[in-house]
Amino acid sequence: MIGKERTERAEGTERMQKAGKRGRAWAVALAAVVRKEVRQTLRDRRVMFLLIVAPLLQTVILGYAVDFDFENVPTLVVDLDRTATSRMHARRLLADHTLQRQPGGASVTTATAELRSGKAAAAIVLPPGLERDVLAERPAEVQVLLDGTDPNRAMVVASAAARYFGETAEDLLRERLARAHVPPPPVIRAEPRALYNPGLETAPFMMPGVMTMLLVITTTIVTAMGLSREREMGTLEQVLVTPIPPLVLLLGKMTPPLVIGCFDVFLVLTAGVWLFGVPVSGPPAVLAAGTLLYLVCTLGIGLLISSVSKTQQQSFLAGFLFIMPAILLSGVMTPVQAMPAWLRMVTYVNPVRYFIEVLRGNLLKGAGFADLWWRLGALGMIGVIILFVATMRLRKRMA
Amino acid sequence: MNAIEAQELTRDFGATRALDGLSFAVPRGQLFGLVGADGAGKTTAIRALAGLIALDGGRALVAGRDVASGGSLVRESLGLVPQQSSLYPDLSVAENLRFFARLFCLPKQDFRERSARLLGITRLEPFAGRRADALSGGMYKKLALACALLHRPEVLLLDEPTVGVDPVSRRELWALLHEFVAEGMTVLLSTPYMDEAERCHRVALVHEGRLLLEGEPGALLDDFARSPACRQTAPSFETLFLARLEQADRERERGDA
Ligand SMILES: Nc1ncnc2c1ncn2[C@@H]1O[C@H](COP(=O)(O)OP(=O)(O)OP(=O)(O)O)[C@@H](O)[C@H]1O
Ligand SMILES: [Mg+2]
Numbered sequence: 001m002i003g004k005e006r007t008e009r010a011e012g013t014e015r016m017q018k019a020g021k022r023g024r025a026w027a028v029a030l031a032a033v034v035r036k037e038v039r040q041t042l043r044d045r046r047v048m049f050l051l052i053v054a055p056l057l058q059t060v061i062l063g064y065a066v067d068f069d070f071e072n073v074p075t076l077v078v079d080l081d082r083t084a085t086s087r088m089h090a091r092r093l094l095a096d097h098t099l100q101r102q103p104g105g106a107s108v109t110t111a112t113a114e115l116r117s118g119k120a121a122a123a124i125v126l127p128p129g130l131e132r133d134v135l136a137e138r139p140a141e142v143q144v145l146l147d148g149t150d151p152n153r154a155m156v157v158a159s160a161a162a163r164y165f166g167e168t169a170e171d172l173l174r175e176r177l178a179r180a181h182v183p184p185p186p187v188i189r190a191e192p193r194a195l196y197n198p199g200l201e202t203a204p205f206m207m208p209g210v211m212t213m214l215l216v217i218t219t220t221i222v223t224a225m226g227l228s229r230e231r232e233m234g235t236l237e238q239v240l241v242t243p244i245p246p247l248v249l250l251l252g253k254m255t256p257p258l259v260i261g262c263f264d265v266f267l268v269l270t271a272g273v274w275l276f277g278v279p280v281s282g283p284p285a286v287l288a289a290g291t292l293l294y295l296v297c298t299l300g301i302g303l304l305i306s307s308v309s310k311t312q313q314q315s316f317l318a319g320f321l322f323i324m325p326a327i328l329l330s331g332v333m334t335p336v337q338a339m340p341a342w343l344r345m346v347t348y349v350n351p352v353r354y355f356i357e358v359l360r361g362n363l364l365k366g367a368g369f370a371d372l373w374w375r376l377g378a379l380g381m382i383g384v385i386i387l388f389v390a391t392m393r394l395r396k397r398m399a
Numbered sequence: 001m002n003a004i005e006a007q008e009l010t011r012d013f014g015a016t017r018a019l020d021g022l023s024f025a026v027p028r029g030q031l032f033g034l035v036g037a038d039g040a041g042k043t044t045a046i047r048a049l050a051g052l053i054a055l056d057g058g059r060a061l062v063a064g065r066d067v068a069s070g071g072s073l074v075r076e077s078l079g080l081v082p083q084q085s086s087l088y089p090d091l092s093v094a095e096n097l098r099f100f101a102r103l104f105c106l107p108k109q110d111f112r113e114r115s116a117r118l119l120g121i122t123r124l125e126p127f128a129g130r131r132a133d134a135l136s137g138g139m140y141k142k143l144a145l146a147c148a149l150l151h152r153p154e155v156l157l158l159d160e161p162t163v164g165v166d167p168v169s170r171r172e173l174w175a176l177l178h179e180f181v182a183e184g185m186t187v188l189l190s191t192p193y194m195d196e197a198e199r200c201h202r203v204a205l206v207h208e209g210r211l212l213l214e215g216e217p218g219a220l221l222d223d224f225a226r227s228p229a230c231r232q233t234a235p236s237f238e239t240l241f242l243a244r245l246e247q248a249d250r251e252r253e254r255g256d257a
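If you're matching them up, the sequences are chains A and B in order. Once you know that position 256 of the first sequence is 256 in our numbering, the rest is easy, because the numbers rise by one and skip nothing. Once you know that position 145 of the second sequence is 145 in our numbering, the rest is easy, because the numbers rise by one and skip nothing.
If you're looking for bench data, these hints aren't it; they were derived computationally from the structure. Any given hint might turn out to be false.
DSS-like, lysine-lysine: derived pairs with alpha carbons at most 30 Å apart [said to hold, decoys possible]:
#1 A:Lys21 - B:Lys108
#2 A:Lys365 - A:Lys21
#3 A:Lys396 - A:Lys310
#4 B:Lys108 - A:Lys18
#5 A:Lys18 - A:Lys310
A few chain B residues that don't get close to chain A, going by computed Cβ distances all over 12 Å [claimed, not checked]:
#6 Arg28
#7 Ser77
#8 Pro126
In this text, a Cβ means the ideal position worked out from N, Cα and C, and glycines have one as well.
With the sequences and hints as input, model every part of the structure.
In structure tokens form, the structure reads like this:
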């Protein structure tokens with residue numbers, strides 16, 4: 001009895017020792033893969049550019065170039081009335097710099113041609129007899145011609161013109177009532193006050209978008225191409241004939257993109273705060289958790305892509321095929337609420353959507369775990385599922 | 001005991017049957033040559049023995065263990081030099097060696113001795129700092145060999161190790177292989193060069209995934225010299241193998257008709 005027990009215990013210890021030895025071997029191998037990956041990354045100038053310089057460039061360029069606060073929209077004034085009144089309206093309409101007068105616009109025909117050539121984006125047509133009609137208190141019609149190719153800009157011009165002439169009409173009405181000694185009717189005014197981003201500036205809104213897009217582009221493609229590269233070079237098979245399990249290779253290969261992804265977030269955030277005054281108002285722990293979970297998703301997608309493609313080129317293409325719709329269906333560009341219902345359904349499985357919401361909520365609105373927990377949970381769930389499927393597929397393909 | 005056993009290996013790639021019931025066995029401590037024309041199935045057989053591809057039929061055993069289920073135990077006893085490139089082109093000779101040593105979890109001291117010895121016998125010592133993609137074809141093959149030998153495998157699989165290697169290096173390589181075999185290693189190599197058959201303990205002629213001929217090179221030649229198919233007094237392996245391949249083609253044509 002005792003003898004049997006002793007051998008059982010001895011066998012148990014032996015098993016434990018074996019497992020410990022194997023664990024150590026895997027740790028050594030993992031460290032070797034990470035070290036090799038870092039060395040290769042540092043050695044490859046193109047990758048370094050893609051990972052460090054490109055994010056900075058994109059931040060700066062997008063921060064400065066993408067500006068939805070339309071100002072100085074080139075506008076033609078087609079003054080067919082040529083009176084003091086028409087000149088006054090033209091001047092006042094342009095006073096707040098939303099619209100900027102361009103030379104030209106002698107007639108409606110030339111204005112139309114100039115809109116087509118892109119010299120101007122809008123034309124305000126002040127009709128002949130405007131002054132006469134206003135003095136005679138007859139209705140007048142000011143035509144606003146718009147270049148509708150950019151709907152956002154067109155809307156800005158249209159509402160600026162509508163606002164101005166609405167106020168003018170109100171003033172005229174007040175004058176008329178005052179002359180008749182009738183008290184003016186009560187007015188209901190909307191008082192918009194933005195709680196977050198009070199200046200309604202584009203840059204703080206854009207910066208989370210830039211981060212989201214950068215991370216998905218760099219980490220997904222770098223991961224996908226990295227594994228395809230090993231396959232193309234034949235090194236994958238050489239690693240597979242060593243005793244380490246494929247999972248160790250995968251883990252090792254994912255470490256550098258993960259670190260670089262975190263670094264990129266830091267980089268872009270610093271640039272955003274410093275150059276564009278992006279607020280960092282929420283708890284950083286939420287930001288960190290969101291970034292990490294998001295990276296698990298993007299790396300998992302990278303692995304998944306490399307499990308269906310044979311070459312680096314295929315991986316690259318597949319990466320873009322995924323990234324484009326993922327970004328379009330995330331709310332980075334256009335609000336999710338504006339999408340048709342069936343597309344909105346797709347956004348629920350899109351990690352990009354959750355991350356942009358976490359970032360905007362956390363950075364701009366100061367939201368914490370209490371507000372964002374389910375989005376973080378969704379990110380984590382998507383990440384784990386994708387990673388699981390990808391490793392299963394790769395293991396099957398490698399074995 | 002056999003160090004390598006191929007039992008009825010069968011593998012299809014789509015409509016192509018790359019392996020068609022290929023069987024052979026290599027006793028421990030022997031140098032075994034797989035000879036065959038381009039597309040005969042040599043690479044597929046070696047990949048199957050290394051556990052890199054699944055088989056549609058048959059079994060591959062290395063060091064007494066089934067490759068499909070042996071896992072890391074089989075891989076520990078195996079060294080592979082594939083036909084195509086298998087090293088990191090952007091790492092140096094020394095870095096490639098160190099990386100693969102770590103995957104085999106070689107202790108530091110062990111690695112230092114082993115890599116010094118391998119760099120010495122492959123005469124890659126002066127190029128230790130050179131990137132793998134800057135090596136000549138022959139040097140590259142030798143580095144691949146060194147990487148496969150770091151962990152002292154019981155069984156070494158070499159896929160066309162002498163292709164693209166100059167005659168001097170080729171002779172050196174054969175000398176090295178014989179040294180390893182003398183130390184107890186089992187070596188299986190493939191070659192498209194018929195004349196290399198005589199340097200092996202045993203050879204097998206592979207054609208369309210099947211074994212056409214197998215035996216000791218000397219005995220095979222003697223048998224051939226005595227057979228009516230031989231029209232020379234001192235036939236070479238080339239004439240022997242070509243005669244056997246022609247015969248196989250004739251047999252197939254007859255079978256088709
Ligand atoms: N991955 C693959 N996909 C499709 N067909 C394959 C694949 N690998 C091998 N084959 C086919 O299997 C057959 C045997 O190929 P194999 O590479 O084993 O030949 P080989 O004897 O090594 O030839 P070589 O001397 O040219 O290297 C060939 O017809 C080849 O086209
Ligand atoms: Mg081959």
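Against the structure, the hints come out as follows:
| no. | hint | in the structure |
| --- | --- | --- |
| 1 | A:Lys21 - B:Lys108 | holds, 16 Å |
| 2 | A:Lys365 - A:Lys21 | violated, 50 Å |
| 3 | A:Lys396 - A:Lys310 | holds, 15 Å |
| 4 | B:Lys108 - A:Lys18 | holds, 20 Å |
| 5 | A:Lys18 - A:Lys310 | violated, 36 Å |
| 6 | Arg28 | holds, 20 Å |
| 7 | Ser77 | violated, 9 Å |
| 8 | Pro126 | holds, 22 Å |
Checked against the numbered hints given earlier, this structure breaks hints 2, 5, 7; the rest are met.
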